[in-house]
Amino acid sequence: MSVRLLVRSAGPGVTIQDLGRVGFGRWGVTGCGAMDAAALRLANRVLGNPAEAATIEVSLGGLEVEAEGGAIGVAVVGGGFDLRLDERSLPPAVAATLEPGSQLTIRAGARGTWAYLAVAGAIDLTPVLGSRSTHTRSHLGGLEGRGLRAGDRLAVLGARRGPEGTAAIETSALEAYRGSIRVMLGPQEDHFERAAIEAFLATEWRLSPRSDRMAYALEGPPLAHAKGHDIVSDAVAHGAIQVPGSGLPFVLMADRQPTGGYPKIATVIGADLGCMAQIRPGEAVRFVAVSLDEAVAARRRLFARLAEPVRVAPLVRGDIATADLLGVNLVSGMIDADRPPEG
Amino acid sequence: MVPLRFLDSGEGLLVVEFGSAIDAGLNERVLALDAALTRAAIAGVIETTPTFRSLAVAYEPLVIERERLVARILELAAEAEVATRPSRAWTFPCSFEAPHGEDLAEVAGRLGLAPARLIEHLCAWPLRVHMYGFSPGFAYLGGLPAELAASRRASPRAAHPADAVMIAGGMAAIAPLPMPTGWWVVGRTPEKVFAPGRDPAFLVAVGDTIRFEAIDAATFAALAARAAAGEPVARVEAAR
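Those sequence lines, one after another, are chains A and B.
Residue numbers for the first sequence follow my numbering, so the first one is 1 and each next one is one higher.
Residue numbers for the second sequence follow my numbering, so the first one is 1 and each next one is one higher.
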């Protein structure tokens with residue numbers, strides 16, 4: 001009997017994601033992939049999965065799953081979600097073994113917008129155009145091109161157990177928001193007066209509730225264009241900050257259309273894309289401009305940290321406050337959960 | 001020729017800009033560089049996306065530095081032969097009859113044309129696929145007769161059916177996936193420009209031409225049934 005993950009409930013916007021669909025932008029295909037790819041990488045790495053293994057991306061809508069037909073090792077990384085294994089409260093980044101019949105609940109917590117549930121083994125889905133990532137707008141990939149819902153069953157090929165008991169995952173490899181998101185100006189900063197660029201960098205923006213996997217809408221004082229708000233459509237990067245006629249910027253995220261016709265004042269650097277994704281609607285965000293060299297250096301540091309052995313700390317059973325438990329164990333009980341480095 | 005501009009969108013996307021207009025000549029240069037970059041298979045180059053007037057080069061800056069990539073692109077652009085890129089000429093059947101030409105009468109009225117004249121203009125000569133964008137397989141077709149330069153709708157209409165043939169903004173488009181649109185839906189082709197399970201998933205390359213051939217709704221139904229069974233219903237020949 002095959003091992004499956006049964007979805008007991010799923011909020012809107014919970015989808016299968018991997019590192020995205022590469023090579024099809026020329027055909028108008030959206031790249032998709034994890035909103036916080038660094039968190040996805042860490043979750044897969046803890047379990048010894050390849051980096052590109054498909055995971056469940058959990059939105060603020062939350063998710064409840066149960067193992068069927070056998071035990072499955074799981075890891076959850078990303079944001080600060082409230083996790084429960086049956087009745088037991090867990091820290092937001094954990095690895096565990098889900099025994100048949102026991103239930104893992106992932107709910108919106110104190111912070112963060114996206115969590116990644118990786119399973120030890122491979123979620124049995126056929127890649128579409130080279131990826132298992134779901135693009136709901138074009139109904140491609142994932143499970144039937146749609147979000148997960150109660151009653152869905154995901155077969156897990158080569159299911160393995162995770163750690164015995166539960167273990168907290170050290171997530172210091174991930175970028176945390178420290179008062180600003182780093183951007184490189186451009187590619188169309190010449191479509192804005194200097195004052196507009198200064199205003200963009202000086203403003204404390206607020207993330208609009210209209211934000212989704214396609215774009216994060218920013219609320220604040222409108223920015224003035226110097227040369228009109230239309231350009232001949234060209235390609236858009238993940239993290240490009242587009243300013244349409246309203247003057248209110250949009251940060252284009254994983255489900256962005258592959259091309260767009262508005263000037264882009266700046267682009268979030270690769271190292272901060274996950275951090276940007278974890279900002280919640282209603283929260284404030286500032287941007288700071290960095291050079292190409294700084295962006296590349298930040299990228300190098302992030303990938304170096306992600307390549308290091310992932311440290312996990314076994315959690316002792318009991319009702320001690322999670323934060324205290326984490327504090328104690330991360331200092332005293334590091335063990336190396338790393339598997340051979342990915343290729 | 002205007003020198004190339006190199007624009008950065010973050011540390012992993014280099015936009016090579018040939019100009020700022022929608023122009024078949026500029027687009028040919030974009031495609032020539034695209035083909036040259038594909039052939040060169042430079043380590044660290046992840047994906048190239050040709051658009052009307054620029055080529056976006058996604059790269060891994062930890063594998064190839066921007067400066068080296070720019071130098072390689074300048075070499076390749078100097079060598080790239082615009083004329084040698086192969087292209088194909090497609091003939092696409094298209095029904096403009098009810099229920100397919102949903103917006104035909106309305107947009108023809110705006111253009112001051114009888115619907116039959118609009119169809120004649122649209123089928124008059126081959127149109128060129130300038131780029132894909134917006135959604136999977138959404139093909140922007142240039143070279144439309146000036147008589148068909150309808151502006152876009154002020155606000156988007158409800159989702160069009162699959163494989164809609166549309167006009168707006170001086171261009172035509174084929175849109176495989178139903179989406180709300182600011183374009184005018186004038187017809188529908190039974191051919192599948194995009195079929196995710198087929199090899200190739202995408203039928204028509206950028207730079208290929210498409211000539212529309214008017215068919216009636218009954219022929220559409222027959223051809224659509226054949227297309228659904230996986231049979232090609234558009235005709236193709238090598239153009240040069």
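Keep in mind that the hints were calculated from the coordinates and are not lab data.
There could be a bad hint or two in this list.
[To be verified] So the derived label-pair ranges between C-beta atoms look like this:
| no. | chain 1 | residue 1 | chain 2 | residue 2 | range |
| --- | --- | --- | --- | --- | --- |
| 1 | A | 209 | B | 182 | 52 to 62 Å |
| 2 | A | 201 | B | 199 | 24 to 34 Å |
| 3 | B | 21 | A | 202 | 28 to 38 Å |
| 4 | A | 230 | B | 147 | 17 to 27 Å |
| 5 | A | 194 | B | 62 | 48 to 58 Å |
| 6 | B | 237 | A | 226 | 28 to 38 Å |
| 7 | B | 151 | A | 201 | 46 to 56 Å |
| 8 | A | 286 | B | 125 | 31 to 41 Å |
| 9 | A | 161 | B | 169 | 51 to 61 Å |
| 10 | B | 225 | A | 201 | 33 to 43 Å |
Cβ coordinates follow ideal geometry from the N, Cα and C atoms, glycine included.
Item to check | 52 to 62 Å as the expected CB spacing between residue 182 (chain B) and residue 209 (chain A), which holds or is violated | outcome: Hint violated: Cβ distance 25 Å, outside 52 to 62 Å.
Next on the checklist: 28 to 38 Å was suggested as the range; check whether the CB atoms of residue 237 (chain B) and residue 226 (chain A) agree with it.
Outcome noted: Violated: the Cβ-Cβ distance is about 47 Å, outside 28 to 38 Å.
Item to check | residue 151 (chain B) versus residue 201 (chain A) beta-carbon gap, inside 46 to 56 Å or not | outcome: Because 36 Å falls outside the window, the suggested range is violated.
Next on the checklist: Tell me if the beta carbons of residue 225 (chain B) and residue 201 (chain A) are separated by a distance inside 33 to 43 Å.
Outcome noted: With Cβ atoms ~58 Å apart, the hint is violated.
Checklist entry - Does the Cβ distance between residue 201 (chain A) and residue 199 (chain B) fall inside 24 to 34 Å? => result violated, 48 Å
Next on the checklist: Within 17 to 27 Å: is that where the Cβ-Cβ distance between residue 230 (chain A) and residue 147 (chain B) falls?
Outcome noted: holds, 23 Å
Item to check | Cβ separation of residue 194 (chain A) and residue 62 (chain B), checked against the hinted range 48 to 58 Å | outcome: Distance hint for residue 194 (chain A), residue 62 (chain B) is violated at roughly 32 Å.
Checklist entry - Taking 28 to 38 Å as the hint, is the beta-carbon distance of residue 21 (chain B) and residue 202 (chain A) inside that range? => result Since the Cβ atoms of residue 21 (chain B) and residue 202 (chain A) sit about 35 Å apart, the hinted range of 28 to 38 Å holds.
Item to check | Whether the CB-CB distance between residue 286 (chain A) and residue 125 (chain B) falls inside 31 to 41 Å | outcome: violated, 53 Å
Checklist entry - residue 161 (chain A) and residue 169 (chain B), beta-carbon distance inside 51 to 61 Å? => result Cβ of residue 161 (chain A) to Cβ of residue 169 (chain B): about 57 Å, so the range 51 to 61 Å holds.
Checked against the numbered hints above, the structure violates hints 1, 2, 5, 6, 7, 8 and 10; every other hint is satisfied.
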